[in-house]
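Residue numbers (our numbering), protein chains in the order written: chain A, 160 to 401; chain B, 160 to 401; chain C, 160 to 401; chain D, 160 to 401; chain E, 160 to 401; chain F, 160 to 401.
The set of hints was computed from the structure by calculation and includes no laboratory data. The model shown is predicted, which means the values in this text are computed figures rather than measured ones. Fair warning: there could be bad hints in the mix.
You can't tell identical chains apart in this list, so a pair holds if it fits in one copy or across any two.
To be verified - Calculated lysine-lysine pairs in the DSBU-like style (CA-CA distance at most 30 Å, straight line):
1. K240 / K364
2. K168 / K386
3. K298 / K204
4. K386 / K240
5. K386 / K204
6. K400 / K204
7. K386 / K298
8. K168 / K204
9. K400 / K364
Protein chains: 6
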Amino acid sequence: MSAPIDLPKVLTPDLEASLNTLATATLTHQLHQRGIRTTFLPGLKPLQPEQRMVGRARTLRYVALREDQQRTYQSGINAQKRLVESTEEGDVLVMEARGVAEAATIGDIFATRHFVLGGRGIVTDGALRDTPAIAAIGKPVYHFASHGAVLGRKHMPFSTDEPITCAGVFVVPGDVVVGDGEGVVIIPMDLVEEVVQDALIQEEKEDFALERVAAGEPTIGLFPLSKERTPDFEAWRDARKS
Amino acid sequence: MSAPIDLPKVLTPDLEASLNTLATATLTHQLHQRGIRTTFLPGLKPLQPEQRMVGRARTLRYVALREDQQRTYQSGINAQKRLVESTEEGDVLVMEARGVAEAATIGDIFATRHFVLGGRGIVTDGALRDTPAIAAIGKPVYHFASHGAVLGRKHMPFSTDEPITCAGVFVVPGDVVVGDGEGVVIIPMDLVEEVVQDALIQEEKEDFALERVAAGEPTIGLFPLSKERTPDFEAWRDARKS
Amino acid sequence: MSAPIDLPKVLTPDLEASLNTLATATLTHQLHQRGIRTTFLPGLKPLQPEQRMVGRARTLRYVALREDQQRTYQSGINAQKRLVESTEEGDVLVMEARGVAEAATIGDIFATRHFVLGGRGIVTDGALRDTPAIAAIGKPVYHFASHGAVLGRKHMPFSTDEPITCAGVFVVPGDVVVGDGEGVVIIPMDLVEEVVQDALIQEEKEDFALERVAAGEPTIGLFPLSKERTPDFEAWRDARKS
Amino acid sequence: MSAPIDLPKVLTPDLEASLNTLATATLTHQLHQRGIRTTFLPGLKPLQPEQRMVGRARTLRYVALREDQQRTYQSGINAQKRLVESTEEGDVLVMEARGVAEAATIGDIFATRHFVLGGRGIVTDGALRDTPAIAAIGKPVYHFASHGAVLGRKHMPFSTDEPITCAGVFVVPGDVVVGDGEGVVIIPMDLVEEVVQDALIQEEKEDFALERVAAGEPTIGLFPLSKERTPDFEAWRDARKS
Amino acid sequence: MSAPIDLPKVLTPDLEASLNTLATATLTHQLHQRGIRTTFLPGLKPLQPEQRMVGRARTLRYVALREDQQRTYQSGINAQKRLVESTEEGDVLVMEARGVAEAATIGDIFATRHFVLGGRGIVTDGALRDTPAIAAIGKPVYHFASHGAVLGRKHMPFSTDEPITCAGVFVVPGDVVVGDGEGVVIIPMDLVEEVVQDALIQEEKEDFALERVAAGEPTIGLFPLSKERTPDFEAWRDARKS
Amino acid sequence: MSAPIDLPKVLTPDLEASLNTLATATLTHQLHQRGIRTTFLPGLKPLQPEQRMVGRARTLRYVALREDQQRTYQSGINAQKRLVESTEEGDVLVMEARGVAEAATIGDIFATRHFVLGGRGIVTDGALRDTPAIAAIGKPVYHFASHGAVLGRKHMPFSTDEPITCAGVFVVPGDVVVGDGEGVVIIPMDLVEEVVQDALIQEEKEDFALERVAAGEPTIGLFPLSKERTPDFEAWRDARKS
């Protein structure tokens, strides 16, 4: 567990700084523009809606409990323990639990361990256990439900650092995970740079539009930005920069 | 877009003032008493549960996306833009999105435009985009879900100011929409006056009952109010007025 | 309604004090250890997530509305009134409403009466009416939905103090009901003593593990507690006590 | 188990003969005309869609399994056995299982016993076990799902011959249960006579309309029957009778 | 009602003959190839799975019932009657009922009228009433559920021959509707010719592949058809034609 | 693809012959008796309810579509092709598709290939494409839905012969899969022998009970079989054998 995990680290400090300013909605739009339609995870609630989460996907897959297999998958250093203990600075734990609300996927002790090791957030399309204690940690966590029971009821932790489907979205270990008050988006690791670049431009345009609309202008020509208004936008942008 | 919208405005300042004091539960009950059973929109979450919303229904209907129709319904001055830009003081935007959680119906720029133009609130049985930014506006918004994507994924904006079904409730443009921390109720425009009148009386009786119950009296005879306790109620009401 | 309700009162002041310190997750685990798997109520939202609820189950069952039976089950001193008015100090009202979100099971006046009489909390797998007013009472309430309508739409109050199924969990009148920010767990009345005793020990071990993990130790050996680390735990426990 | 069950028997041979000719849709309509809106059980599949079922409701309620209560409710002569063994000629077994698809409510042996004793049909809003064997009996059965497991997984049989909610419809023991290829309707026992009487008239009118429409006439004036066409109908009816 | 409906008729006898040989799966694939992803209606059951349905979409939209609007939308010559009575040879009736299973959208008399007038089929994402009688007509009908009640419970018929969303698919009046044992697909009217042309070629290739696979060849190279196997296919096709 | 698959073959001809006589309900019960509760797959429909299916589980897992990964997982000899082409005599194809109804997992050509290679059946908790053509093959297939589209809409085929969760049940490649008109049960490969042995005894007892109940005896003492009736059963069994 001491050897570094063999997964790409695509997040440079610059990219991370940029992602910390970009809305998940903007990132989702940029991916959609590239023909990648299913990247935002619907139906998950943030425990800390005012915080932002940026990190590298570390994946954990739960399968249905079968009692004759509990010894194999649940006891000892199981997949959950392996994954949490191998957390590196900057990791986000993403779990596949198939929308099951009737047993939890992680509790406060493993969540604490994740954050102590430098983890940046936890995402599950299943339930949390110890929700109040996990909320008290004060770090970004996204979940589908809460339940007082964990292993032994519905799930077994099965595999780590393999591709999963979480909340209907395909996640590859090493992908970039971003969360805000709206929810969570997965950015394929190969696309992060270009997506961030274009998202920054898009967000500037939306900031311009929002400022003008808040000041009383109609949306037409501002959103989406028309050719006619592009000079206005550029002047505004240059003024803001200086 | 400059001509006033041809929809009845049934809300006088007095009615509006009264509606600002009446719970959606009381209004729902009054409509139920008149045999109108399906007026409260179940399953919607308020972004500002402590605020009240009162206004005139302006309706927008989303239909399922079909890519060969995107040019017709989505580009240019589409139905969404037309409706938002024609918002008048006192309007509430009500959208039919058939409970689809996997693509949004409105984002922060159009929401801002709605409120700048004097809009009083936004109601969707689909998803919001830019939920944190919309919440930051600080005005009443009711929604079923949040999603990072908007047009081009599930919906096309289709028609404006025509009757719709939102969250299972029939809404006619011009109807009165009231929201509080419980949710949203639709009052048919022809019935507003009588409903408000009777709701004010009902709420007085409930206030009386609540005060007495809080003071330790049993509910029986107080709620519903019995003949025997009516004089007590009337004395209390008269005392309160003076 | 003045005669004391003929239901066991298994909660001594000591048990209650202990239960006020025990997480629903810990209690759910202890019941699971005894082979009782379905005791935590999934899908309910707390109105006061920061509060704790401990009390004796008083049950109320709603059945589907049938208009020819309304006189029998709904008018006069119906089951809802009977149950609420017979609330004793320490009771929790638990309602079976089969997950119906489109009509409420209780409003603010009956909720107030429950708390005035010493009730400790309200649990429904249906909807609340007057949710903002009930939230303003500031006492523990757990619900599935909110709706502006109550009787006469979907439900009739049917029976009191008989076993029910609430949110998929079997509840016997007299059972112990515990709630926290995670949700609600039902403890069969015969098992409260032993469950509390073992839960206190379990929670001490989890506190020890959490403290060490927060301080930077790996989870392995700490959770679950290994033989090797048991002396450490015991020393920590003894030190904490003194 | 030898004493006759103390439940009204409202079905005379004449009523039964009439009900065997009346569609569940016609009966549902007659009840709706009397203000009773929720009498048809949605979502149930008939094993024998071409057969008709008419009988008296005998009710059985399942509650959620709780392992500490299995001895009380499941072993020995439990509620299921009591009810099935007390079946009388003309009874229909109606079970409340709250839409649970993941464990069955009855298997082939008890189903066989029901029919041997003169039972007329089985209705469950849960699952059947031994579905192929039950289908092979060749008698009317309506169910929500099929599952290989029965007791000990999700349910305990709880009470017999008490009012229940099946598929969202309130059922009183002794009510009349009618089934056809469309599904099942519950007729309150007090209303059977008048409902049958009016349903026979309604069905005659619909037969007339259907015959004319099949012969090429427009629906207008025929369905619903107008004053102008009433003499035509009456002539047709009199001709058919003779 | 005697003037011909002003809707395009794009189905020539040749196209219709071709469509009668093409699987809905093949047509769905051809539309998907053109970037139109949502054209197959999921979740509907065929009453006559062995029959094929080909026709022109005539649309009817149901909205939520609101009792104060029943006179306007339900009585007299309502939208349902208008649409059914205006059926022309070759029409398929497609209804939007938003997946509501608890009230029907059409019964046997109007269904009969549809077929008498030359209608080719009925599609609803809501319920049928008189399902056994409609099945007895022996013509193609696709539905989501069955229910004994029709108007006055959940729906009002609202508009005719306007675009709708049925089972999550956008349908324009005049579009081509095709059904088989798998379900229903909507072909945008402008695309029918090219879709049919390419679908015929695709189906020939699939027939070739299926024949060879049935004869024991591996799927690779056959499905999808590789360059290497194209000459084989062409020889087979030419042989079949002659 | 010519090397035999490296998976245990636990099914001897004797076991297979026995399993062909055993109901899935009986097998589910035997597994439940051993503490293995979740082995029957709920919610799947048989295309051939009158047939029986017995075979070895070959597993295929679908994940959510992500367009940037289509080249990797979908084109060329993808997981679906690899698995189907490696089918051996006696295999059952079991697919994990997470209950997605809006895109299919297999069509008629691959289904045909499966059966040509000696496959015994197909099980999916997603949709079939070409359902009528697959039904025409006349072999056992169990599915959740039907849809005209296959790859490129919701799924990518991901992995083969690894453990999966199908319809909420954990399936290990090599496990025994049994299907009848009720549905499908998974028997852990290590337990097949003992489960079959005990299931044969159980089924004999149930046959005895059913015969007697059909002949008019009460269920009590017969099901479950009491000590008092055991001699009767043994006599019946011995008589039947000779």
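Hint compliance check: list the failing hint numbers for this structure, sorted ascending.
2, 5, 6 and 7
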